[in-house]
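**Q** Residues per chain, in single letters:
2 protein chains.
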Amino acid sequence: MQPVLGEGSDLSEKTINTSIGPPASATENWGFANGGNIGTRIPKLDGPQRISGKVSYVQDITRPRMLHGAILRAGVPSARIVSIDVSAAKLLPGVHAVLTAEDIPLVPFGHGRDNTALKQDFVRCERDELVAVAAEDEVTARKALALVKIELEEIEPILDPFSALEPGARQIHPLHDGNLVLNFDWSGGDISAGEAVSSLVLEDEYHLTWVTHCCLGVSGIIAEFDARGDLLLHSLTQVPFLYRRDLGHIVGLAPECIHIVQPTIGGGFGSKLDIYPYEPIAVFLAKAAGRPVRILFNREEEFIASPTRQPTVARIRAGMDDEGALTFREARFLHDNGGATSWGATTPFVMMQTISSLYRVPHASFHTQAVSTNNPYAGSFRGYGNLQATLAVETNLDRLAAMAARDPLEVRLANAQQAGDISSQGMVFRSCGFKECLRRAGELSSWEGKRKEWGLANPIGASGELRRGIGIASLLHVGGGAKIYRSDGCGTRLSIDHAGKVHLCSGSTEIGQGSETVLAALVADELGVKITDIRVTNDDTRQTPWDVGVHASRTSFIAGNSALKAARQVRTQLLTAASEIVGLPPEQLTLREGGIWDIRTDSAILDLGKLVRELHFSGQHQLVEVQVFYEPPSDYQDERFHGDVSASYAWGVQVVEVEVDMQTGVIQPLRVTSVHDVGRVLNQLGIMGQVEGGVAMGLGYGLTEEMLVRGGILANPTFRDYHLITAPEMPPVQMDFIETDDPEGPRGAKGIGEAPAIPTAAALVNAVAHATGAWINRLPLKPETVLAALSAEGIDSSTLVPPPIRNLAPEKEFPLPVTPSDGAEFISEVM
Amino acid sequence: MQPVLGEGSDLSEKTINTSIGPPASATENWGFANGGNIGTRIPKLDGPQRISGKVSYVQDITRPRMLHGAILRAGVPSARIVSIDVSAAKLLPGVHAVLTAEDIPLVPFGHGRDNTALKQDFVRCERDELVAVAAEDEVTARKALALVKIELEEIEPILDPFSALEPGARQIHPLHDGNLVLNFDWSGGDISAGEAVSSLVLEDEYHLTWVTHCCLGVSGIIAEFDARGDLLLHSLTQVPFLYRRDLGHIVGLAPECIHIVQPTIGGGFGSKLDIYPYEPIAVFLAKAAGRPVRILFNREEEFIASPTRQPTVARIRAGMDDEGALTFREARFLHDNGGATSWGATTPFVMMQTISSLYRVPHASFHTQAVSTNNPYAGSFRGYGNLQATLAVETNLDRLAAMAARDPLEVRLANAQQAGDISSQGMVFRSCGFKECLRRAGELSSWEGKRKEWGLANPIGASGELRRGIGIASLLHVGGGAKIYRSDGCGTRLSIDHAGKVHLCSGSTEIGQGSETVLAALVADELGVKITDIRVTNDDTRQTPWDVGVHASRTSFIAGNSALKAARQVRTQLLTAASEIVGLPPEQLTLREGGIWDIRTDSAILDLGKLVRELHFSGQHQLVEVQVFYEPPSDYQDERFHGDVSASYAWGVQVVEVEVDMQTGVIQPLRVTSVHDVGRVLNQLGIMGQVEGGVAMGLGYGLTEEMLVRGGILANPTFRDYHLITAPEMPPVQMDFIETDDPEGPRGAKGIGEAPAIPTAAALVNAVAHATGAWINRLPLKPETVLAALSAEGIDSSTLVPPPIRNLAPEKEFPLPVTPSDGAEFISEVM
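Chains as they are written, first to last, in the numbering used here: chain A, 9 to 839; chain B, 9 to 839.
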């Protein structure tokens with residue numbers, strides 16, 4: 009199937025050429041029979057509800073007798089807490105609870121067990137939570153915070169990870185000796201053997217800074233205890249079952265006593281994978297006040313107190329032989345872990361997969377450390393480290409190709425994996441459309457012609473100040489979940505009511521990614537009912553069966569397989585029952601158009617609702633409902649990070665085309681081509697949205713987004729100063745999907761959630777290098793950065809020949825001690 | 009088991025003597041092992057939540073953008089609607105929707121299909137709904153109603169059913185020819201054959217007026233559409249699945265598109281079994297305004313616009329032979345159906361069972377009609393007609409005994425059914441403790457002594473103005489559901505989580521009757537877990553499996569059996585799985601104290617949570633969850649009302665002791681003894697509450713409660729003027745339970761919900777007759793009624809010999825034409 013997006017940015021212009029499946033215009037046909045929905049353009053089931061403003065965000069929800077919470081933060085990156093006086097705040101009328109660290113159990117949490125809900129002795133970053141208040145209304149709560157008197161003794165902050173690692177550096181957190189929070193050390197093969205057969209070796213260094221998720225729905229929570237002590241949380245978590253386990257630990261409750269209801273989530277992107285201090289704070293406030301408490305962030309607070317993408321200094325060294333084959337790859341990454349440890353510290357787990365397994369690399373190693381500083385700290389963020397790793401691998405590879413005077417696309421094709429390959433980390437590529445992605449991306453973007461016609465040698469514009477460039481980058485990511493917990497599975501409950509309508513209750517969470525629609529489509533096709541006759545419940549731990557959560561691009565794959573498994577059981581049950589009623593063998597029957605059909609006569613013989621009623625009201629007295637659990641056939645990685653961690657792997661290639669103004673440094677993205685091996689397209693509209701959204705996020709990472717952290721303080725906590733790529737700025741995105749029909753995937757599909765964001769920045773850097781001759785090793789590519797890079801290379805608008813390729817890494821050794829890995833500890837931690 | 013309630017009215021004094029089961033004081037022991045909870049004093053699981061005010065009544069719930077609805081009612085009992093001008097109301101700022109009958113589909117509803125949400129042409133009773141408004145707040149909504157101009161042309165109301173039946177009477181509703189709404193005609197045996205062997209025949213007539221449920225939580229609803237057109241209702245219905253079917257019909261939605269969430273219900277007692285106009289009105293307002301709409305009644309509206317108990321004129325004629333055996337029973341009842349037809353009209357279905365089957369009566373017949381008037385209309389109400397029928401049967405029987413100079417208790421014993429009897433309606437009494445109830449009630453109340461020492465012949469008090477009396481009455485009621493719909497069953501979903509905690513999801517609704525606790529106790533005992541480790545969900549049709557609803561005293565029996573069935577399946581699954589893990593045969597294992605125990609060594613060998621985690625995380629990859637449906641083995645009655653309609657039948661006997669002031673007519677109830685065949689006591693505290701509550705309700709019916717409907721208008725719509733029996737007025741209630749261990753009942757239990765309210769008024773009338781010599785044939789027995797009866801019989805405080813028994817029925821024929829029964833139609837209607 010070849011859906012291709014046209015060059016217009018208006019969705020209506022994006023006609024899709026389909027070589028299989030129903031025509032794109034046939035949306036009125038969806039809903040009937042097997043195969044009717046999957047692969048077509050399925051509007052989001054929850055779309056009308058969202059568009060009409062009828063969804064309930066946490067901002068919309070009130071609970072009886074609810075109070076409003078607010079948090080006072082440190083506002084300085086590093087200090088000793090001398091005293092906190094809340095006496096005046098407590099006396100303010102309307103205030104029901106005022107909490108400091110003195111008042112709550114300080115159970116450490118976060119991946120490094122180095123965070124607490126409120127801080128007791130030291131401030132370690134700007135956002136640190138010092139006092140929390142619950143009051144009748146938000147204004148009173150803020151007023152109460154203004155009455156708190158805090159005495160802080162400021163301490164010189166440590167603001168970069170290299171300083172933090174220096175001998176004698178102040179230890180920021182007592183838990184982390186030498187400020188070392190986490191250390192990963194992996195190696196596969198023998199680097200020196202790789203070096204020995206290399207004709208070219210290139211060592212580059214990249215500097216990647218903080219960006220943040222910018223969810224349009226800001227953070228919020230409502231905590232409420234019932235009389236037996238059970239906790240009801242309206243929470244935006246993406247991982248409700250693990251969340252209640254971890255939160256329960258912090259607030260002293262059995263996980264099963266925590267009931268989580270998820271309001272409509274205004275964006276997740278990984279930001280809601282961990283517990284953050286405002287969440288236990290709301291619980292402690294509710295406990296103290298004896299009433300429900302809601303905490304809502306404003307936008308400034310969302311910027312300051314949300315997780316970030318892990319800032320990284322990445323050193324990569326790789327070689328190529330005379331044939332253009334990669335010979336080895338050695339990577340050392342240093343992460344600024346900030347003032348506390350959240351999931352961001354664990355992103356090397358994913359980075360490593362790209363270092364080890366994107367392209368056939370016979371010898372590879374990966375050493376990385378996360379180091380405490382007094383900066384903001386990072387969480388998980390769409391791609392989970394893979395954007396950083398892919399930038400390093402794909403830019404370095406492009407430069408090796410340039411040194412070897414080989415075409416970047418040809419080099420990639422020559423080194424690409426194929427189905428059947430097993431990577432050095434033990435990942436088994438059962439389906440692999442990598443080469444097809446490369447070829448198709450080249451074809452769609454007219455790669456060959458543009459590589460020749462564009463570039464530094466071919467100025468355009470009135471005075472030759474413009475150059476055009478085209479760059480490419482690939483990606484490898486998990487596409488069938490990632491087994492990092494004891495179960496990577498998902499439960500489904502499926503029932504059919506008296507009217508033949510279907511209730512699908514899935515453990516997986518909808519965070520806007522369209523899972524509700526995809527799951528419903530899978531079930532609708534299997535049961536031969538209209539997708540609009542399916543109701544989905546996926547937001548309430550009292551109802552939904554267990555699921556590990558939304559992460560690792562796993563929902564369509566894992567929850568999809570779970571839903572399919574349930575639908576197939578129900579299908580069998582219905583056909584068997586119908587067979588008895590109508591006296592025909594089950595294999596002569598099928599489910600279609602909301603009924604049982606006789607295959608031989610091609611006619612409807614029994615309405616589905618009638619069949620369900622018959623089962624209920626007849627002698628059988630049974631309701632049609634099944635509950636299943638799907639566990640993917642993946643493995644834990646061992647303590648050496650070896651194992652087939654996902655049931656499937658996703659591949660993709662992006663080509664970015666740019667126009668660069670050599671005088672101003674302004675980059676105009678012209679077009680992005682995005683081709684993905686997704687196993688199979690389940691929802692054309694949904695997957696297009698995922699790709700467009702991913703490209704926008706990837707472009708933002710490459711071009712415009714940057715948290716300006718100055719002296720540990722975020723200087724731009726507003727959308728005016730933090731520049732997201734907005735709709736008018738988006739270049740056209742053309743896309744296609746390679747359908748490799750994954751053997752384990754639901755209807756052959758693989759995950760796509762994170763993938764499209766991963767290679768965009770790398771392709772952009774490569775395109776800018778093609779246009780200007782300058783390889784830029786720090787993001788975002790803002791005009792001043794571009795101009796500085798051009799200037800450093802001595803390039804201006806009259807230059808026509810690119811300078812020679814040289815190492816982007818400085819001569820000095822990357823200051824990263826290689827110590828025994830914490831890998832085993834990491835694994836046991838998340839399990 | 010013999011729990012006996014002491015004479016104190018303080019609960020703490022009510023020690024219970026238990027001959028089996030743990031001691032009453034051992035409440036700290038509940039929660040462990042099989043048999044640990046059932047039969048003990050189990051505090052309500054939802055008690056703390058209710059007591060602490062943490063439950064959410066509909067009054068506490070708001071929804072985002074919610075509007076407030078209000079209804080304008082006719083205020084006259086009979087009129088033609090000339091015009092309704094809502095133009096000024098629509099212009100009031102803050103008003104979002106104003107509806108009259110012109111604006112909505114007038115789909116007729118109610119059992120007689122003679123009601124609509126808003127009325128178009130005619131007003132047929134005071135409460136009739138004419139205009140509805142939705143506004144930003146309740147004050148604005150009321151203001152808008154005040155701006156409505158209504159022109160009504162009043163029509164002389166028809167205020168009693170006899171007038172309504174007179175030839176030429178105005179036809180109140182076009183649907184009901186001759187104002188006849190419903191006609192039941194049943195006969196078993198041959199009345200004249202019965203008459204032929206009678207030595208005594210007595211014909212009595214009773215006049216029973218309106219009472220109402222007086223739920224402390226007034227009516228309310230929140231209606232809200234989502235963008236796909238699905239309707240979310242926060243509704244107080246007792247029958248969510250049938251409710252959404254019927255409401256869907258009115259508002260034009262498939263039932264399955266209606267999602268019902270039940271807030272905490274502040275009393276049901278049958279009042280929430282039907283749809284009432286405010287409910288579709290809220291839906292139409294929500295539709296018109298495009299926003300959620302809440303309608304809440306105030307207390308006055310609750311009195312005026314709630315259903316009532318069916319007012320009845322009951323004529324009964326019965327005979328007795330020389331041996332004291334009942335020979336025949338012939339009954340004719342006429343019901344004032346009021347201005348519309350709700351479930352009240354169908355109560356003869358239950359009345360008939362008492363007429364036909366309370367005591368062995370060889371020949372019986374029952375003719376009844378419900379007739380339109382312009383009075384309030386009746387719904388279902390705890391006992392569902394049985395209070396009226398039992399009053400007639402039991403008072404008439406007592407009077408036959410008096411004529412025959414036989415002891416009322418002896419007569420009852422002589423005619424009582426026994427286990428194995430099949431009634432003339434086909435009801436099979438598989439368990440029957442009727443005689444034991446009679447004997448035990450006599451014993452507990454010291455019947456024999458008091459019958460002799462008290463009575464009209466034995467004045468007490470300073471001037472002999474006081475008399476004491478003791479009276480008895482029995483009851484027969486369904487105790488195992490009543491199959492009046494295609495399924496009388498209940499679904500249960502039961503799951504166990506990683507911590508070994510249990511989630512019980514039952515289709516049955518908690519309306520304060522304590523079902524949540526009983527169901528949890530049944531499951532806890534079966535699974536050997538603490539009852540507090542069970543969470544119950546029973547208030548949301550998107551979660552709960554199908555159930556026919558709370559009525560017919562069926563919840564403990566039907567939902568209990570369903571829960572037990574589920575628990576037993578889970579138990580088997582757990583023991584089988586544990587057997588594989590620990591390598592012992594399943595029969596050597598049991599569930600106890602939250603774990604798997606080895607029976608032989610009497611020791612715990614595996615924690616339940618650990619077992620569940622093992623099943624999930626091991627190769628099995630399964631969650632522990634089952635879904636079952638229990639359908640009782642009962643039958644529909646055929647078109648002649650013959651069939652074993654319930655899986656079990658409950659029996660009971662009450663003795664009421666009174667002191668009557670012969671000068672003022674004031675009756676002081678001294679004590680009530682209530683003995684019930686309940687199969688088995690499941691929860692001592694719960695069943696005591698049911699009996700006390702039922703007795704209070706029965707005493708109110710007999711002594712104080714009365715809706716003063718004057719000219720079709722309710723004159724006393726307040727608690728000041730409508731006299732409920734309050735706690736300080738309650739006499740001590742002593743009780744005992746006969747445990748016949750019903751073969752089909754859950755752990756042997758039968759239903760008790762309605763029973764205790766049924767015979768109280770009859771026993772009271774009989775006690776007053778013992779005390780005063782006067783049989784009073786109209787309720788309530790307020791002082792002026794008592795004095796009038798004494799005066800009519802020529803009795804005063806000096807009288808010592810009661811007047812002879814004479815027919816309480818007037819000589820004239822009961823004006824009830826015997827026409828073909830609508831029975832078959834009734835059955836098909838409810839199915």
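These are calculated hints, taken from the structure and not from any lab test. Incorrect hints may appear among the rest.
List of simulated lysine to any residue pairs, SDA-like, C-alpha gap at most 25 Å [stated by the list, open to error]:
id, chain 1, residue 1, chain 2, residue 2
1, B, Lys295, A, Lys573
2, B, Lys295, B, Val205
3, A, Lys618, B, Lys618
4, B, Lys618, A, Leu261
5, A, Lys790, A, Gly756
6, A, Lys538, B, Asp234
7, A, Lys618, B, Asp749
8, B, Lys295, A, Gln67
9, A, Lys820, A, Ala201
10, B, Lys295, A, Ile59
11, B, Lys458, B, Thr807
12, B, Lys538, A, Ile59
13, A, Lys573, A, Thr609
14, A, Lys573, B, Val209
15, B, Lys618, A, Tyr493
16, A, Lys460, A, Arg679
17, B, Lys443, B, Asp234
18, B, Lys538, A, Ala507
19, B, Lys157, B, Ala109
**Q** Next, verify each hint and record whether it holds.
**A** Taking the hints in turn, this is what the structure says about them:
1. B:Lys295 / A:Lys573: Violated, at roughly 38 Å.
2. B:Lys295 / B:Val205: 65 Å, violated
3. A:Lys618 / B:Lys618: Cα-Cα ~42 Å, so violated.
4. B:Lys618 / A:Leu261: 18 Å, holds
5. A:Lys790 / A:Gly756: At roughly 41 Å apart (the allowed maximum being 25 Å), Gly756 (chain A) and Lys790 (chain A) break the hint.
6. A:Lys538 / B:Asp234: 19 Å, holds
7. A:Lys618 / B:Asp749: At roughly 38 Å apart (the allowed maximum being 25 Å), Asp749 (chain B) and Lys618 (chain A) break the hint.
8. B:Lys295 / A:Gln67: 24 Å, holds
9. A:Lys820 / A:Ala201: 23 Å, holds
10. B:Lys295 / A:Ile59: 18 Å, holds
11. B:Lys458 / B:Thr807: 19 Å, holds
12. B:Lys538 / A:Ile59: Since the Cα atoms of Lys538 (chain B) and Ile59 (chain A) sit roughly 46 Å apart, the hinted pair is violated (cutoff 25 Å).
13. A:Lys573 / A:Thr609: 28 Å, violated
14. A:Lys573 / B:Val209: Not satisfied, since the Cα-Cα distance of roughly 71 Å exceeds 25 Å.
15. B:Lys618 / A:Tyr493: Given that 25 Å is the threshold and the Cα spacing comes to 16 Å, the pair holds.
16. A:Lys460 / A:Arg679: Roughly 17 Å separates the two Cα atoms, so the pair holds.
17. B:Lys443 / B:Asp234: Given pair Lys443 (chain B), Asp234 (chain B) is violated - Cα atoms ~57 Å apart, limit 25 Å.
18. B:Lys538 / A:Ala507: 38 Å, violated
19. B:Lys157 / B:Ala109: 15 Å, holds
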